[in-house]
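First to last, the protein sequences are chains D and V.
So the number in the numbering used here is just where the residue sits in the first sequence, counting from 1, plus 83.
So the number in the numbering used here is just where the residue sits in the second sequence, counting from 1, plus 83.
No lab work stands behind these hints, which were simulated from the structure alone.
Some hints here could point you the wrong way.
It does not matter which identical chain is used: a pair holds within one copy or between any two.
[To be verified] Below, in silico cross-link-like pairs of lysine-lysine (DSSO-like), each with a Cα-Cα straight-line distance of 30 angstroms or less:
1) Lys86 x Lys400
2) Lys292 x Lys241
3) Lys147 x Lys103
4) Lys450 x Lys175
5) Lys140 x Lys91
6) Lys400 x Lys477
7) Lys111 x Lys450
8) Lys467 x Lys329
9) Lys516 x Lys175
10) Lys400 x Lys140
11) Lys467 x Lys336
12) Lys87 x Lys492
There are 2 protein chains.
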Amino acid sequence: MKKKITPKIMPGFMELLPAKQLVFERMKQIVQEAYESYGFVPLDTPILELSEVLLAKAGGETEKQIYRFTKGDTDISMRFDLTVPFSRFVAKNQNDLAFPFRRYCIGKVYRGERPQKGRFREFYQADIDIIGSEKLSVVYDAEIPSIMYQVLTKLGLKRFHIRMNNRKLLRGFYQSLGLEEQSADILRLVDKIDKIGSENVRLGLLDLKVPETACQQILSFVEIGGTVDEVLAQLADLGIENESFKTGCEELKTVSDALTALGVPQTHYKIDLKITRGLDYYTGTVYETTVDDYPTWGAICSGGRYDNLAENYTDRKLPGIGMSIGLTRLFDLLDDAGLIYTNGQTPTDVLVLPMGDGVAYPLMVAKTLREAGIKTEVYFGDVKFKNKMVYANKTGVPYVVILGEDEEKSKVVSFKNMTTGEQETVPLSEVAKRLNDCLSARPVSPVITQV
Amino acid sequence: MKKKITPKIMPGFMELLPAKQLVFERMKQIVQEAYESYGFVPLDTPILELSEVLLAKAGGETEKQIYRFTKGDTDISMRFDLTVPFSRFVAKNQNDLAFPFRRYCIGKVYRGERPQKGRFREFYQADIDIIGSEKLSVVYDAEIPSIMYQVLTKLGLKRFHIRMNNRKLLRGFYQSLGLEEQSADILRLVDKIDKIGSENVRLGLLDLKVPETACQQILSFVEIGGTVDEVLAQLADLGIENESFKTGCEELKTVSDALTALGVPQTHYKIDLKITRGLDYYTGTVYETTVDDYPTWGAICSGGRYDNLAENYTDRKLPGIGMSIGLTRLFDLLDDAGLIYTNGQTPTDVLVLPMGDGVAYPLMVAKTLREAGIKTEVYFGDVKFKNKMVYANKTGVPYVVILGEDEEKSKVVSFKNMTTGEQETVPLSEVAKRLNDCLSARPVSPVITQV
């Protein structure tokens with residue numbers, strides 16, 4: 084006999100068994116439906132791109148992680164996020180698109196990282212962005228987190244916060260301290276305050292030659308908290324006369340008011356002046372979303388406002404606002420915390436079990452059920468009835484239809500509720516309606532059991 | 084200003100603009116719903132696999148086309164079909180799966196072919212397979228083409244044929260002629276008869292040292308036609324006393340009867356003794372689906388029965404039956420033939436256009452509509468009303484809601500049907516229901532306009 088090869092996969096790749104895959108699919112569907120309910124268009128760009136195009140901007144850590152190879156004379160890279168291919172797409176097709184252009188993409192991206200817990204080499208991101216031509220109203224900065232609120236709520240997440248800040252406000256603040264030149268380094272440092280503590284931030288600031296009084300002002304600034312109105316009032320009280328600072332405050336106010344109009348409760352968003360987002364290209368509103376009971380998870384969904392989506396590919400000014408959920412990572416975190424709700428390993432609603440050799444009647448019953456929108460499977464195979472029930476139990480199908488000669492003769496159908504054990508026999512002409520009633524009485528399974 | 088990089092993609096990659104992408108998404112959704120209506124489980128295997136695992140069986144042409152590269156010490160390949168990763172998955176997880184195991188997968192696969200019209204380097208396949216442990220009833224051989232009939236019909240395809248044959252029948256036939264040894268070469272040759280003509284097949288057979296009388300028998304055999312019953316009667320009339328041949332005939336009869344029970348009309352399937360399917364591993368029923376008016380398209384959907392899904396990875400016997408649609412190729416063929424039905428470049432049902440500066444009322448109206456399941460977008464931006472209507476027309480949105488100060492004061496909503504130009508004003512409390520009635524009165528767009 085030929086030597087067998089071990090059927091293993093690479094570390095860092097998430098591959099789910101049916102029960103969990105069904106939950107992951109439901110998660111993707113909830114995200115997709117929420118994105119489409121706001122009129123976002125699905126886009127599907129290639130996973131492979133020319134390296135010269137994909138890596139126009141990348142460098143350093145990102146570039147090292149990329150799966151890059153040569154085929155023939157072509158230098159090819161696998162996409163490492165959904166934003167760069169999107170910017171390439173918009174630049175390429177700008178004359179065919181209607182602006183503001185709203186797109187979503189739920190797709191796999193690749194990073195050849197060292198495998199470690201929670202780090203994936205292949206993972207799904209679910210991105211939404213709105214792109215304007217030349218300009219884009221700041222009201223859209225409220226729409227994006229409003230969608231994320233919908234998504235996370237529909238997934239079953241209860242206690243989470245969308246934290247917002249504004250880079251114009253930050254820039255103005257550091258300008259007012261005369262620290263604009265060091266501001267990039269300062270932001271990087273302040274971003275770590277929850278991890279390293281305020282004393283270490285103070286020491287770091289001193290290393291950056293920030294004067295002692297300014298250190299104190301920075302540390303007081305990032306500690307400003309409370310409701311949106313309270314934070315805005317405290318910011319006003321700072322009395323900073325700087326245009327960028329004032330614009331930032333106004334934008335936060337506009338976004339907050341619009342969030343209220345969109346029905347997002349203040350229990351689920353706040354202004355957090357510590358949030359900066361590392362990436363250089365954010366220029367206005369920035370967001371990070373954290374789960375209250377799991378602070379170690381960090382941000383599960385983040386993004387912000389940028390001035391130029393596609394500056395590597397076009398001179399046209401394309402400002403935009405976007406957010407992204409790392410679906411694979413989120414699923415993995417939820418799963419590790421025991422919060423994923425699985426419910427059987429099949430999408431089947433009804434499993435038809437023929438008792439005899441007859442094939443036509445079971446197939447016809449199945450056809451009737453499918454035509455009524457019921458997901459139906461028929462078990463064929465010359466095995467004992469007991470074994471058929473073992474299969475039914477293993478898959479976790481909610482209803483089983485049992486068809487023997489008697490049923491066929493009298494044109495009736497017997498079915499069993501696999502949860503309660505109750506059995507019922509109804510005429511063939513009524514079975515689809517009866518089973519649809521039973522199925523719609525079952526509660527819809529959430530993705531997340533509780534948080 | 085920094086030099087710009089041309090935002091181009093590689094040849095052989097399909098990237099669609101919004102209007103067509105929306106149709107492609109609808110196509111995927113129809114396939115997915117049909118697969119799930121028969122109780123198939125979605126699986127999602129990695130796009131990257133270890134080369135030693137993925138290429139356990141591959142060789143020759145396939146291996147040359149594979150995107151294969153090294154990262155660190157790891158020899159990695161991109162999947163070139165969905166079957167090999169699936170067989171690896173089943174072997175790996177065989178103890179956790181319930182058999183018969185029914186899975187579908189709609190995913191991208193990669194082949195580094197020379198780019199030419201109709202050949203893709205990245206393309207979607209949509210596979211379904213049912214896998215048994217040790218054995219699997221032949222009735223499932225009817226279920227698979229029945230699903231494909233549903234899929235193609237729901238896509239809007241009208242005139243097509245699922246052509247079936249059986250490898251046991253073929254093996255028995257060639258055994259009866261004493262040609263079993265050459266049968267692989269003969270099958271390859273006969274498979275080309277529609278392309279090269281029967282005279283060339285005859286010459287080829289002679290080259291293979293097939294005796295003149297046997298040549299005649301083979302050519303008569305493959306020309307057998309008519310309804311299923313007529314073909315089966317003619318096969319019986321051949322009087323061939325061979326077990327494999329008889330089993331093949333019986334299996335075709337079983338499959339045909341079951342297809343009838345499943346409601347698949349004989350206008351859409353037939354026995355075609357010319358179909359052989361190149362792959363070695365098919366052992367029973369084989370299928371190819373052709374579109375009547377486009378014979379040059381070849382098979383748009385094909386598959387068959389195999390005895391050992393995963394023999395490279397496990398000793399366990401895992402017989403199965405499956406079919407696959409090449410979605411990217413099918414979409415491209417339909418598009419080239421002008422048969423794709425596009426209908427606007429947004430999923431949005433209703434576009435809200437604020438007339439003034441007020442933000443809260445438009446956002447609240449949009450929220451009300453979304454909560455009623457209406458896909459709603461709001462246009463914000465300091466542009467003339469005319470320009471907002473240009474956007475509405477460019478996206479092809481079916482309804483526009485216009486909100487000025489009057490509407491806000493009287494808590495009413497005015498909307499316009501963009502197809503007919505009709506306008507209507509209704510109270511805010513009734514707008515969701517009224518617009519839902521309008522929207523559900525619109526016909527559902529097909530994917531394919533006609534064939």
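Note to self: As a check of your reading, is Lys467 near Lys329 (CA-CA no more than 30 angstroms) within one copy, between copies, both or neither?
What the structure shows: between (77 angstroms within a copy, 28 angstroms between copies)
Item checked: Intra- versus inter-subunit Cα pairing at 30 angstroms for Lys86 with Lys400 -> between (60 angstroms within a copy, 15 angstroms between copies)
Item checked: Alpha-carbon proximity between Lys87 and Lys492, which holds within one copy, between copies, both or neither at 30 angstroms -> Close neither inside one copy (50 angstroms) nor across copies (76 angstroms); limit 30 angstroms.
Check: How would you classify Lys467 and Lys336 at a CA-CA limit of 30 angstroms: within, between, both, or neither?
Finding: Answer is between: at 25 angstroms across copies they meet the 30 angstroms cutoff, but 69 angstroms inside does not.
Checklist line | Homo-oligomer pair classification [Lys175, Lys450; C-alpha up to 30 angstroms] | finding: Close neither inside one copy (47 angstroms) nor across copies (33 angstroms); limit 30 angstroms.
Notebook entry, point to check: Given identical chains, is Lys400 near Lys140, meaning Cα to Cα at most 30 angstroms, within a copy, between copies, both, or neither?
Noted result: Cα proximity of Lys400 and Lys140: one copy only (17 angstroms, versus 51 angstroms across).
Next item on the list: Could you figure out if Lys292 and Lys241 sit no more than 30 angstroms apart (CA to CA) within one copy, between two copies, both or neither?
Entry: neither (43 angstroms within a copy, 75 angstroms between copies)
Next item on the list: Could you figure out if Lys111 and Lys450 sit no more than 30 angstroms apart (CA to CA) within one copy, between two copies, both or neither?
Entry: both (29 angstroms within a copy, 22 angstroms between copies)
Check: Between Lys516 and Lys175, at a C-alpha cutoff of 30 angstroms, which is it: within one copy, between copies, both, or neither?
Finding: neither (51 angstroms within a copy, 40 angstroms between copies)
Note to self: My question is about Lys140 and Lys91: at a cut-off of 30 angstroms on alpha-carbon distance, are they close within one copy, between copies, both, or neither?
What the structure shows: Between copies only: 15 angstroms across chains, 35 angstroms inside a chain, cut-off 30 angstroms.
Check: Given a CA cutoff of 30 angstroms, do Lys147 and Lys103 count as a within-copy pair, a between-copy pair, both, or neither?
Finding: Answer is neither; intra-copy 32 angstroms and inter-copy 35 angstroms both fail.
Next item on the list: Using 30 angstroms as the alpha carbon limit, work out where Lys400 and Lys477 are close: within a copy, between copies, both or neither.
Entry: Between copies only: 21 angstroms across, 57 angstroms inside.
When the structure is compared with the earlier hints, violations turn up for hints 2, 3, 4, 9, 12 and for no others.
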